[in-house]
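Student: Chain by chain, the residues run as shown.
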Amino acid sequence: MRDFVIETTQLAKSYKGQPALQGLNLEVGRGQIFGFLGRNGAGKTTTIKTLIGILKADSGTACVFGIPVTDEDRSVKIRRRIGFVTEDKELYPYMTVEQILRFTRPFFPNWREDLEKRYLEIFDLPPKRKIPDLSKGMRSKLMLLLAISRGAELLILDEPTDGLDPAAIEDVLHELVALAEAEGTTMFFSSHQLSEVEMIADHIGIIDQGRMVVSGSLNDIKARYRRLRVVLEDPVELPTRWASCVEYVRQEGKVVSMLVNGNDEEIIQQVQSMPGTTVESFPITLKDIFLEQVRGK
Amino acid sequence: MLWYKGWLETRFKLLFGCGLLVFFFVSMSSMSPSGGVRAPAQINAFVSAAVIIVAMLSIVLPGAGIATQPSLQATKGLHGSMLFTLSLPVSRLRLVAVRAAIGCLELAASIGALCCGMWFLFPGLRAASTPKLMLLHLLVQLVCASALYFVGVFLTTFLDDQLRTWCSMILFGTLGWLSKRTPKMGALDILRAMHENSPLLSGAVPWLTVAFSCAVVAIAFIGAVKIAQWREY
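Chains Z and U, in that order, give the protein sequences.
Just so you know, our numbering puts the end of the first sequence at 609, numbered straight through with nothing missing.
Just so you know, our numbering puts the end of the second sequence at 256, numbered straight through with nothing missing.
Don't take each hint at face value.
Said to hold, decoys possible - Simulated restraints, written as ranges between beta carbons of each label pair:
no.	chain 1	residue 1	chain 2	residue 2	range
1	U	Arg34	Z	Gly528	37 to 43 Å
2	U	Val45	Z	Asn352	39 to 45 Å
3	Z	Glu384	U	Cys139	22 to 28 Å
4	U	Trp230	Z	Lys389	44 to 50 Å
5	Z	Ala490	U	Cys139	58 to 64 Å
Stated by the list, open to error - Each computed DSSO-like pair below joins lysine-lysine, with the alpha-carbon atoms no more than 30 Å apart:
no.	chain 1	residue 1	chain 2	residue 2
6	Z	Lys389	U	Lys155
7	Z	Lys429	Z	Lys368
8	U	Lys155	Z	Lys368
No wet-lab data here; the hints were simulated from the structure.
Glycine included, each C-beta is placed from N, C-alpha and C at the ideal position.
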């Protein structure tokens, strides 16, 4: 049996009758860097809030470290082992950097003074400065510092690089990967920046309308998905039914574009059996997979 | 460390309360330069002004520890750090309880300072009353003000700070108006128990109102905790 740090089964949650999660199944293994992707309103933040114990699911199960998150006492124990960066990057406006560190430290028995010092220096955060006087980028870095220094086994990062400039994003991502390698920390992070996800994640999950539509190892997914470009010499009636590995078919004039998930050989043969057609198979990027999953169907 | 957070949230509010007390003592001293508050009407006005200060403090100081509160002014929309607070390994019961306790202690300290100041700065009041009555007055003020304060704590769990402040003011204003219009509110009349029916003016403890206030404190606190535990932020 695999050791999942996060595991949800048929997780459902709605707000005033509006479904946010509709049977979400999610598995994040220990040590993985898991990129959680989805459009605005797809259910990413709802999932994260449920895992942290801020929201209660309507049905289904969610476990972190094998502990169900439903019960408040257990949720407190889970939170002691988690580092969390919130989407809004808001902290107490009446505290300085130094004060928020002093405040947060005692809650976490595994607090890492060495990491605190290291990242305080790397992120160049002025200890005496009040939080409202920090730029958005600096607040993002401070939140990361607070999350990393907890000595957490799992980092849940909701848009961690939001507000950072490209150079800072590069630095932060580099540090996160280094941390994951050095400490074996599991990372579960949501982002709209597909290039970031592609840069550091080894596993991804794409959520759409509260359901997981793609999940697995990034390399496997990229190897599995192919785009077929079919050029028709004459207008031909295309089959209405394809093998289940064809995720979509889109025709523009004589050019047909197909997204294939799995073995494309069979489809290529099927297409080539039609008279006067040429077919080419291309690897596709994470961005293509994402876009096709969330709007292509 | 929640105490530390609560202290940072409330320290300027407490300072504001201290300013109110100083203003109160200075203005009362200027009305009776020799500290000779002596006539019953004067003592009545004196206690009445003190009750207004206590009510103001019980409006300013409440908090439930979850929504972000600015240090001094009630500002809308500063709730972003709620997620950070809720991600800490602390139960919601503890968040509410610690913040409510800090405000309550500060309120108690302010009421203590107010009553001590009244007693020691105004010899006329000392001449017209006894230490026992003053002590009972202090206790009645503490219990009744706690009831007003915990209603504020309850409101804080689902209203933002600005709206909660307005609601508290409207609520206490209505209570004051009802108290004046309907003298037969009996045990429910918390403001009257702090003023006319207080031991300092009536010579007796309004036990029923004290009991009612204790019940309000308990119900409001339990309600606040339940809402904080149940609510999805």
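Student: State for each hint whether it applies.
Tutor: Going down the list of hints, with the structure as the test:
1. Range check, Arg34 of chain U to Gly528 of chain Z: Cβ separation about 52 Å, and the 37 to 43 Å hint is violated.
2. In this structure the supplied range 39 to 45 Å is violated for Val45 of chain U paired with Asn352 of chain Z, their Cβ-Cβ distance being about 52 Å.
3. Look at Glu384 of chain Z against Cys139 of chain U: about 42 Å separates their beta carbons, and that is not inside 22 to 28 Å.
4. Taking the beta carbon of each, Trp230 of chain U and Lys389 of chain Z are about 45 Å apart, inside 44 to 50 Å as hinted.
5. Distance hint check: the CB atoms of Ala490 of chain Z and Cys139 of chain U are about 59 Å apart, consistent with the given range 58 to 64 Å.
6. Pair hint Lys389 of chain Z plus Lys155 of chain U does not hold up; C-alpha atoms about 50 Å apart against a cutoff of 30 Å.
7. Restraint check: the Cα-Cα separation between Lys429 of chain Z and Lys368 of chain Z comes to about 36 Å, which exceeds 30 Å; the hinted pair is violated.
8. Of the pairs offered as hints, the one joining Lys155 of chain U and Lys368 of chain Z is violated, with about 52 Å between alpha carbons and a cut-off of 30 Å exceeded.
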